[in-house]
Structures are given as structure tokens and as C-alpha cells.
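*Asks:* Heads up: the sequence lines are chains E and Y, in that order. Here the first sequence is numbered in this note's numbering, starting from 1 and rising by one per residue. Here the second sequence is numbered in this note's numbering, starting from 459 and rising by one per residue.
Hints listed in this document are in silico derivations from the structure and should not be mistaken for laboratory results. No experiment lies behind these values; they were computed from the predicted model shown. All the given hints hold, so there is nothing to weed out.
Here are the simulated lysine-lysine pairs, BS3-like style, with alpha carbons at most 30 Å apart:
(1) LYS531(Y) x LYS265(E)
(2) LYS241(E) x LYS434(E)
(3) LYS434(E) x LYS531(Y)
(4) LYS531(Y) x LYS239(E)
Estimated spans, in silico, between C-beta atoms of each pair:
(5) TRP278(E) x CYS479(Y): 53 to 59 Å
(6) ASP191(E) x LEU738(Y): 53 to 59 Å
(7) GLU437(E) x ILE626(Y): 31 to 37 Å
(8) ILE500(Y) x ALA211(E): 33 to 39 Å
(9) LEU465(Y) x MET38(E): 53 to 59 Å
(10) GLU437(E) x GLY552(Y): 45 to 51 Å
(11) GLY399(E) x ILE626(Y): 50 to 56 Å
(12) GLN80(E) x PHE494(Y): 36 to 42 Å
(13) ASP242(E) x GLY552(Y): 49 to 55 Å
Even glycine gets a Cβ: it sits at the ideal position worked out from N, Cα and C.
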Amino acid sequence: MKNNVMRRMLSVSLAAAMVVSLSACGPKETEQAEKQEMDVTLDQIKLGEDYTDIEADLKFLTHKTDVVDTTFKGYIEEFQKLYPNINIEYEGITDYANDITTRLTTGDWGDICMVPTNVDKDELENYFTKLGDKGTLAENYEENMLNNFAYQDAVYGVPSMANVQGVIYNKAVFEEAGITELPKTPEEFLDALEAIKEKTDAIPLYTNFAAGWTMTAWDAYIDGGATGDPDFVNTGLTKGKDPFADRGDGTGPFAVYNTLYEAVKRGLTEDDPTTTDWEGSKGRLNNGEIGCMALGSWSVIQIQQAGSNADDIGYMTFPITVDGKQYAAAGPDYNYGINCNSSRDNQIAAMCYIKWLVEKSGFAQGEGGLSIVKGDEYPEALQALEGIELVVNSPAAAGEENLFNDVNNDSELGINVSGAVPTQIVEEAVSGNKTMEELAAEWNEKWTAAQESNGVEF
Amino acid sequence: MSNQKSLKAWVQSGKVNRKLCIFTFMLVPVALLVIFTYIPFIKMIGFSFYDMKYIGDREFVGLQNYVEVFTRKDCFQALKLSLYYIAASFIQLGLALYFASVLSFRVKGSGVFKGLMFFPYLVCGIAVGFIFKFFYTRGFVLDTVLQWCGFNLEQLPYWLKDTSINNISVAATSIWRYMGQGMVMFIGAIMSVDASLYEAGDIDGANSFQKFIYIILPNIKTIIVLNMILSITGSLSVFEPPYVITGGDFGTGTYFVIMNRLAHESQKVGLASAMAVVLLILIMIATLIQKGIEKYYFGVGETESIREVRKRKKRLEAEARGGAQ
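Required output: the full structure, derived from the provided sequences and hints.
*Replies:* Now the structure itself:
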């Protein structure tokens, strides 16, 4: 018995000793690395002329795990022809959105990353290097694409490419179902899906429910695309009263979400949403087993490459018409950001690489996205959209940069983050427990509560 | 003076030497435990008093997060799902005990069976999730097998969509995964039973069932109790199966899945930390109650159960009283 007590005492004191010794060295290690002030900006660098002898080893965190060893390797080789002494090591992260926020907090994660969307704007300067003033950068880049990570006119992230939010569909399936004109309103769209269900063997609309993140595509339609108003995200959503209520004219968030609700309720989607398979769905859309899917324009290339029927794949705007006109929401994809704790040389080298990626690599076109460089052409996959007015969300007013994120987080609706709203729509449409109106009222209630706790006044 | 020894001799002396041994051997595991379990845990308790995100300022809010945990509907609603997993864990323990006692007697090919049944435990939880996602997909493995047995596809439910059975489907995967582990633990315990007891049983003419009830069961009591505690606490904190198979949708979101959602999707790190602390306390309470019941009814290890002791005491007292009068 005594022996036992002794042993316990010892182990406890050991543990205590460990804690003390660890905490003794704790503060020194957790202290934030010294922030390196930068005087160089992205626009000042002339590619291939400035800093060509700079030496640096860069670490690049990316979400594009599929092309780390292929496309990106090619980029490094090309880039090193101009900057032979800059080495770049890519690290692909599978669960990027989750992992990156945790790693950022350490300050020691590498040199370049794709800026996670949930960093508050006033926090940007603590983690990322200022890449330039918005006005100056806008001479070369599309100004409204630079807003996502700009705070008080300083830009901390440059988009790798821009996406358009529409619906990807199989032309052959639409033709077989006798749809000659692309649907322009939610009713026409649902009719088209009914026609596909009746006349073909294809699944009219595949939700990709199980993958989770794919459902956020529905959130991306609700602002600019569904209203034609670039300010809707600020005035209508963030500060508007009951943004999810039915507007009665087939536009706005309700019309978008109701389309999904009706499609699921009428059985125009796959049988069992819980077991959808994202990787498999690409091939099935390609070979005509699926009629259409709600995905951003980045998906076009992937789906064209997923089978032998690349020519059948088309891309259309989300079927909402505002005052007789169709709009498509466009916005930046992931942005490149540079670690402000890296050494000066590393930061400059990183800027050179980012600039090269944006302007010279052809990454955006290769991925089927829009380039943010002024005057660059639409990629082939999206030429059908030429002529349709793209709506890019306006930046929030000064002092309200974080308001949308705050309301979004507090309401737990996770718009553009988790796909919680479309997920709930599918669940309720399947079970039939709640009508779309009841759901909308619920979201409005949560949204209003979150608005109130963040000081929004109507 | 003669009592003073050199340092070397002091170190080599039995008592010190032994402590030094323990100390050095413990150093690495304790260090790992502290760094990866206790420090993060203490940090988490700290976080639970703040309104915070992963990135950005934090604001001290006192007990507000805890109040919210108890007032939110979804948190404790999710704990009800644990009942499915507790039921599953009892089925799993029963099966494990059954196979363990069968396989610990001389059975042909018992090694192969043991290996096969233990194997699922070695597969990583995420992989198990993906296996069962396809297993339950409409028209895939399970449906095909049931169709061989004469079912029509129309008669079969959607295993993961139908909210009346999807929790059972998901909980069943953990039976499949952990049964082998329980079995191996039971086999180990049964092996350690003194063989002379079986001989004595044979001489008294006990059959296999009686041997199981009167020899094996009392001897492996401790390990059964341990397994039960582990499965109940495990049931309260299920994460992998629902997270991977259904993502917690269609009413399969367990406490941990909800917690993960709040922390990662809504960035409510403080609230999620508070949820974790509340669950820890719940698990501790559950374990204590279980331990208490064990002690009262069955006794732990060599010690007798409290109930037996009291009964005897009463009897003795009664006898003593009877004797006195």
C-alpha cells in the first residue's frame, strides 16, 4: 500500500516538474515571430528584371493537392528560368480550409499560402504582407477582384483566379429531353428537370450532398446573381431585414433556395443524397448519367476531363431573371498571401513568384477560371457566358469589413462557409417536415438575432 | 562519519537506484502525455471562458459559454444519440464475450478466427467510414446481399437517409470495428484463469456452460467492467463514424460532430471548448456512478461487493443479538 502511494507521489511530482520546466520555456517559444516590415510592393516588381539574383527557399501551402507534383512542378521549372536561385517547395493540404487557420496562428507556417476566407480583415496585417495599395494594383488587375482581402485600401491577397457562379450541365442530356432554350427562371429550370426525368435515364440534378462543401455553391448564387445588385451582399444580406423572405418576384435568396427545395421535393435529384460520390459524379455528368450540377465555373475543366465527352459539357447562368436580364455572380477564388514573418528576401522572392503566377503562369485559364489581369481573355470553357453581365460583390463600407463574417458566424448559417442552409433544405425537403416558408422564417430569425447582437440597426 | 557514502554509492543504493530508474523510464511517456494531452487540455479549459475565434482577439465572457451549452437545444439533443451507441456497445461486448469463450477452448483454426475478427480494429476509423459509406449506398453491397436473400430493392430502406434507422446503421459500424478488440481482451483474461479450476470443474462434472458461468465469469469480472466503462464513455464521445459516413446530416450528428461544426464552421471556439469540458464532466460522472454500482453489487478485483459485506454484517449482528438475548 505504502509502495503504491510512493509511486503515485513520484509520478505526480514528475508531471508537475515537467509542467514547470515546460512553462519555463513556454513564453519564449510562443512569442510571435518578429514581423518583417516591407517596403516593396507587387506592382513595383518587374518580372525577369528585378531581383533576379535573389536567393530564397520558399514554402508554399496549397489546397490544390491534385496538381502539386504535375502542373506546379512545371511552374517552378518555368519560374526558375527567370529566377534560378529561388527554390519553391509546395505542400498540399487535403483539409485545407480547416488546417490552415490553425497553422496560421503559429506564425511559422511557410512563406506563401492561399489566404483562408475566415480571417477577419482587421487581422490581415498581423499575418500577411501588404502587397500594395488597391489603387495602384488596380492599374493592372480588375479592381473589384481585389476586395476580398483588402483593408483600408491595403491589399493583402491577390486572387489566383476568379470564378463565375452558374450551373454546369450536359448539353446532350438537355437536347435529348427536348430542351432547346436554356431555362431563365426557376420555374423553367424545374420544368426542364422534369423533362429530363421523363424523357431520359439521367438524374436531372445531382446535389453532391454527401461531400458537404459542394453545397456551398447554392450560397454563392444568392447575392449578385440572384439580384443583379453588387451591393446586395452589404445592404440586402448583412444589413437587410429578413433577407431570406420570399420577395415574390422569383429573385433573391428565397428563389435560389426554393429551387433546390422544390427539386428535391419533386424527386428531381438523386435517390439517396447521403451516399453521393463527388469523384464519381464528374464522370457521370460527362457521360450523360447526370443532367446538371450546381458548381462554380472552376468545375468545367475537371468535368470535361473526367470522360470522353468534353464537348457535351456546357455552363449556364443560374436560372434567375431580374427585370428581364440575367446576371452571373463572379468572385475571386483563393487568394495568394505572403507570411509577414518571413525574412525580407523570402518575402520579395514570394512576391516575384506570386506576380509570375498571376500574370504569366496561365493558371487561371488552365483551371477554367477568369484571369484577374485586365484584358485577359475568357477561357474557352466559359465563352458561352460572354455577354452576360458579371456581378462582383462590392466591398463592405469602411468599419463594417467584418460585419458579414460576424453575423454569419453568430447565426451559424455558415453562408459560403459550411453549406448549412442548403444541407438543411435537402434534409427537410426529403423528410417533408418543414415547408420552405418555415425554413426561411427560421433563418431570418437566426440572422436577425445575429444582426442585433452585432449592432445592426434597421 | 561512517554513515556518509560517496555519491556513486548513494545513487547505486537500492532505493535511489529504483527511483532513478522509474524517473528516467517515465520521462518520455510523461513528457508526451503532458505535451499532447494535458497542456492542450488546460488551454482548452481556458478557451471555454472566452468568446473567441481561431484567429483574432478573444473576449473574456465568464460562464456564458457554459450557459449556452445548457440552453441550446442541439447540444443535449445530440447526447440522446449516444443511447444508440451504448446499445451497440452492449451488443458488441456480448458478442465479444461469446466469441472469446468459444475461441479460448480448443477450436480448430482458432488463430485464424481470432485474426479475422481482430482485423477490423486495425483499420483506421476514417477508412472504416468510407467502407461503410459504400456498403450502405443504394444498390451497393448491403442491398445486393439482401437481394440474394430474396428481398426486393423497393422493400429495403435507405440505410443512411431514413431517419428512423440511420443511427442504427451508423452505430452498427462500431460493433463491427470494436468487437475484435473486446474479444482479444477477453481471451487474454480467460487465458489467465487458473487451469486447475477447470480440472476441479471437470471432476465435479461441470459442463462447458457451467464452467463459463462459475469459473470464467467471476475470474474476468474486472476486465468486463473495464470494457463496459470504456464503451459507455466511448459512446458519449462518438465522432468518426457519423462524421465520415453521414457528415452528421439527417439527424446523425452526435455531440462531437456538433462541437466540431461549431468550432470549425461557425468559428465558435469558446463554445465548443465549453461543450468539451461539459462532456468530460458528464463522462466522469457516468464513470463514477458505474464504479459505484460495480463496487456495491459485484466488488472490484479481490474485494467483496459492499452489498455482500453489509448482508453478512447484518446477519452477524442479528446472530449476535440473538445470542445475547
